[in-house]
Amino acid sequence: MEGAVKEQQQAQPQLIVSVGPHMRSSESTATIMWTVSGALMPAALMGVYYFGFRAVAIILVSIVTAILSEALTQMALRKPVTVSDGSAFLTGLLIALNVPSSVPLYIPAVGSFVAIVITKQLFGGLGFNIFNPALIGRAFILISFPKQMTTYYKPVMNVTGMDAVTTATPLGLLKEDGLAALLEVFHTKAELYQHLFVGNRAGSLGETSIAALLLGAFFLLFIKRYITWHIPISFIATVGLLTWLFGGTEGLLSGDAIFHMLSGGLILGAFFMATDYVTGPSVRSAQVIFGICAGALTALIRLKGGYPEGVMFAILLMNCFAPLLDRRVRSRVFGKIAVKELK
Amino acid sequence: MEVTTIKAQATFSGGVHPAYNKELTAHKPAVTAALPTRIIIPLSQHIGAPDKPLVVIGQEVKKGEKVGEGTGFVSAPVHASTSGKVTAIGNFPHPLGMDVASVVIESDGKDEWVSGLKETPDYAMLSPDELKKMVSEAGIVGMGGATFPTHVKLSPPKEKPIDAVVLNGAECEPYLTADHRIMLERPTEIVEGLKILMQILGVKKGYIGIEANKPDAIEAMQKAVAGSPGIAVLPVKVKYPQGAEKMLIKAVVNRTVPAGGLPMDIGVVVQNVGTAEAVYNAVRFGRPLIERYVTVTGRGVKEPKNFIARIGTPYSQLVEEAGGFTDSAAKVISGGPMMGISQYSLDVPVIKGTSGILVLPLAEVSVKPYGPCIRCARCIDACPMKLQPSVIGLFIEKERYEDAKDYNLLDCFECGSCTFVCPANRPMVQWVKKAKKELAKKKSQ
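In order, the protein sequences belong to chains S and H.
To convert a position in the first sequence, counted from 1, into this note's numbering, add 27.
To convert a position in the second sequence, counted from 1, into this note's numbering, add 472.
So here's chain S without its partners, still in its complex pose (with noise of 0.2 Å):
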């Protein structure tokens, strides 16, 4: 019986064997993260717009950090370098986006290499790290330099940024001076709403122009659909909703929606940082949950906590909580219900 099976080999080209599917989708890591980088672009050129020469700088040397730490902890602990799947290219943009245009330089370099080496790399890169990589060292330096993380720039719409004026941030202003000051910079709620939207107020470099962020989430949205609303929608919503609620000076029903949903870093961080796919929950409905927790822990923050702004903690303390989210809300598999309805 053997010998009839091996007369019957002849000279045939050499097969590739392997298990299917044989057809794959063009899609891959790197494509995902280069995308994400090209959808934050034009929050960048408006933080370069108002914030001048240092924002090329700081989002230069972000960037260039975050590569040579994942480049070289890769080698260091000899794995192979991955750094053109541009996930280490993304975390060093999103520091610079999250630092006001006054630190010195250093800051976003140490920031970049805490988000790479620590909360990254050490956690066994790409895909195993519990926290997103760049809100953690956006939090590292918040602590470790206070002073410089909380100074503003006006925007000076110069390329030079040589008469850069410090001020407070809108959301900064409402906190420690309350609406009337608020009111005394922009004259009034339109005229406030209009510079939160096109983004010409102090705050972090990629965070103030609203209108250039929301062009480059439609893009992931709706156009190359890497990111579904779930997350974002339901995160803008919450603060939206609990600060109309409990965030105005007569009672109840009395907050500004409008405005906590322009200000701070609510958009970029909702839209750009809480969607991190390895640092959030995977089945639709948990990432529900997450948005609607984060959000409430983001308004919580604002009006009662010590810090202005709160998306950076929400998202981190989220981030924990994206493990139980996705062990204990389980995706409904196809016919399960119907089983218990037959027993």
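There are no misleading hints in this set.
Covered, in the sense of this in silico footprint (three residues per stretch, anywhere, with C-beta under 8 Å from a C-beta of chain H), are these stretches of chain S: (1) 52-65; (2) 153-164; (3) 304-318; (4) 353-362.
As a list, the in silico DSS-like pairs of lysine-lysine whose alpha-carbon atoms are at most 25 Å apart: (5) H:K500 to H:K695; (6) H:K709 to S:K363; (7) H:K632 to S:K363; (8) H:K709 to S:K251; (9) S:K363 to H:K908; (10) S:K106 to H:K840; (11) H:K905 to S:K363; (12) H:K877 to S:K363; (13) S:K251 to H:K840; (14) H:K870 to S:K106; (15) H:K538 to H:K604; (16) H:K909 to S:K363.
Honestly, the hints are just simulated from the structure, not real lab data.
Positions of the beta carbon are idealized from the N, C-alpha and C atoms, including for glycine.
Given the coordinates of chain S, work out where chain H should sit on it, guided by the hints.
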């Protein structure tokens, strides 16, 4: 060729959109493959115990003569697909990847039918049991690829009343056009086969689900069912795996097969359109299943074609008849690119479940290494069973099979949608196959 698609909303939740590549062969009428000089009839072409050979080496056999017969209920006989002499009975390569006991017949070139095939023009007068016997004797199995013996599917237990038969003409596997061509070329036979299936099961409702990218097939089938009460042709949305049994039932009759259950649990029996045609031939002309439509396609062959090929025809012959390999041919797949099985040799024969032979050039073969899961959830959205392939994959990677089972591993039917969309190129289907084997091993210990 521009493929027009008619509007169809009926579908399931999830799924993916691979490039269909059907334009390579969709417009080409099937040609009858040449009579092979040597035919290999595996004794296992169905799900169930292998058949016992009924012939001995040296014996003369006629076309349509039974050469192997099963012992259990879940089995199907196999027949000689031409006349000639049995020259070997032994283990030969099989498209499912292992060597299988087979009967080898050297053709005598006469291609003579066995005598005594019974024609039954008035089959509508026969009882369900008589019809079922004819289907079983003809060795008919699911020709969509699953090769489950058809007479078993037609014998549901009494407590599971059936009220609808669904014919599967979705053909959602990219590249394949065998079902498309049979619907264009033999629509009346398919509808008659459907009526026989309905007669056997005593049901009044019959459906033919066809993906909306085959408007000509939909039209042909609609013409063929005109005047047949209770039978409807339903265009379904173009999406992989629309042709998977559970997904087709969801789209066509909007019922959900319970997890771990069978279509008969919700009163439905699904059969492939090719199977229906085989049923008609078996009942009307007494002919066993000895040939089928096979698409030989891909950019690794020079002239992609649709064939009507005898069971037992070596793949090498069909590839030759399709112009042979191109210089870059690198992978041969039995079936479609999503669920098909790659072959290490062209010596394997066409079996009852061979819907296509796909030859991919090197440029289209993915040999990228896989990376870490970034939990992007694309697989969760793609999974037609609504599983969490990412989590299942992570568990299996760590050999935590019980945990994978807890995440409903056993509900996976290995359609490959998760692996298709995975940006990190993770081999989920391979892992799932491995985990199922490991769990079965553990259970049997």
